[in-house]
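Colleague: The lines below spell out each chain.
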Amino acid sequence: MVQKKNAVIVGGGTSKFGVRQAHLLDMFQEAAKACSDDIPALKPADIDGLIVCTTMAGRHSSALNTAPLVVHRLGLKPTSICIRLDTLCAGSNSGIIVAKGLVESGIAEVILVTGAEKVYMPQRWETNYTQLMVNDHDWDSAMGLGVPPPFFAMIAKMHMKRYRTTKEQMAHVSVANYNYGTTNPKGHFSGRTLTLQEALEARIIADPFGLYDCCPLSDGASAVIIASEERAKELSDRPLVYIRGTGQHATHSMSAGWPGETLAEWPHLKKAGEVAYKNAQLTPKDIDVAQVHDCFSISEIIEMEELGFCKKGEGGDYVASGAINLDGELPVNTDGGLISVGHPFGASGARQSIEICKQLQGRAINQVKNAEFGLAHNLSGTCAQHTVVIYGKEPVE
Amino acid sequence: MSDIKEVKIVGTPALEGTYISEMDMWPFECQEFNRIYPFYENLREGKFTTTKCQKCGHIAYPPGVICPKCWSEELEWVELPQRAKVVTFTETQAGAPIGFELPLIMAWLDFGKDSPLKQLLARIVNCAEGELKEGDEVKFIVFNVPSHPIDVKKETKICDRVYYAFEPVK
Ligand SMILES: [Zn+2]
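Residue numbers (my numbering), protein chains in the order written: chain A, 1 to 397; chain B, 1001 to 1170.
Be aware that a few hints might be false.
Label pairs and their computed distance ranges (CB to CB) [stated by the list, open to error]:
no.: 1; chain 1: A; residue 1: Gly322; chain 2: B; residue 2: Glu1076; range: 53 to 61 Å
no.: 2; chain 1: B; residue 1: Asn1126; chain 2: A; residue 2: Lys161; range: 20 to 28 Å
no.: 3; chain 1: A; residue 1: Pro284; chain 2: B; residue 2: Trp1071; range: 32 to 40 Å
no.: 4; chain 1: A; residue 1: Leu211; chain 2: B; residue 2: Phe1033; range: 38 to 46 Å
Derived from the structure by calculation, the hints contain no laboratory data. Only a predicted model underlies this, so the values are computations on that prediction, with no experimental measurement involved. Beta carbons: idealized from backbone N, C-alpha and C, even for Gly.
All chains, full assembly: derive it from the sequences and hints.
Modeller: Here is the structure:
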């Protein structure tokens, strides 16, 4: 029997995120270029598999079967896999899960996982309108559920009611992430900083959220190389970063299927985390750095709870205690997260995984000392699905 | 550019007097495009219904073609409660998807322990901004939404549509 191979993340890069004067396919090329700059030995011919992650391509760029378009623009000739994948906000971390399986099984050796979105349209209303098509259209969208803030505002209200979470605690998430992201050259809000007072005095977007509680929608692209350990050693001299364990869990599509007792409980995330920890042979205590899906400040708070970094209901205290800061117990979203870097849906997962890769290789901008294990998490849809990927400097036994 | 004939700007060719069904926010409700069309026919009679499994008894929402618990195809239509309590809600004053009136009020509803449908996100209509409170009772209401054409051989048939929301019990 053939021994299972180990899958590693070799490196990666992103385009500039933000409101871009660029086509979707331009940004796929920018991300690939940034990825090759990060892995100088990488040549297009080394890549035998391609996983393209995008949600809006079909509608906003009239590019439904996106993978061949990316093949052509990047000059690739994939032989093992060439697919487009869509799990909305979790696109490229889902792509990494698929790539891991293909590499471990020997089907592929070097896979480019790339995600991109062209979110902004010639008229702003078109972007909001498209979001009626990314929820459960005939049920929740027909109720007016399009852009996410109203839904997550209800989640926040419920968490405030049940666990006494405060607006100020939520603001600590925004402040931490803006201040991490200020040094990220590719972020939507690069160079911006935020104080607690500014966060609390910001204009209201959807009660209780002020402007800085919400991540922006962004155009952008990201690309990573997932390879076998053997090929990774040929491509780079950097320390190897192994994909130790993954978990992905969905329980419903529309609101009627919400799995929690209330909106403040996310048992489907808890489950995805438990599966990933088990596969990674780790516990929450082992994680040194995390990238979690801070689409809203409240999301990061609930994710701290459900991923086991603090007790249920204590997420607000946890983030306000400074635990998520660089000198804290668990630095979180050290590249700025969705709140500062922005959120081009399909590109966000790989962007998070690149940051974890850099942290574990000791070359992040906001470097966590001696980081051995890192976790990336996305929620997608109307909090319908959760995706967790855990990395480490050693493979699982 | 000189040899390109100047043409009248026609915009989106498909918009020339036609309706783009794939672009709106309402379901395809007619029998030709939906096997759960009885849901919409029941709406027209003011009934809020879904499918119940005759094999295992599970009541699903939304209605389906198979039971999501046991995958049986033996389903029957049953009525759901039409009154619920507001657990929490949100009022959108700006940035609602085009086509929805402001304020767009959405509420998380609780139908009670005995209801097969426990929780639902729903739009609250006939309600002024600032009027709704947590704990308020709301009731089911049906209204007309835009119809769309379908091709039936060489003819065009118009499919009328309805949808539902909830309104405060006053
Ligand atoms: Zn059944």
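Colleague: Each hint: holds or not?
Modeller: Evaluated hints:
1. Here the CB-CB span from A/Gly322 to B/Glu1076 is close to 57 Å, well matched to the stated 53 to 61 Å.
2. Between B/Asn1126 and A/Lys161 the Cβ separation comes to about 26 Å, which falls inside the hinted range of 20 to 28 Å.
3. Separated by about 36 Å at the C-beta atoms, A/Pro284 and B/Trp1071 satisfy the suggested range of 32 to 40 Å.
4. Between A/Leu211 and B/Phe1033 the CB atoms are about 41 Å apart, so this pair conforms to the stated range of 38 to 46 Å.
Checked against the numbered hints above, the structure breaks none of them.
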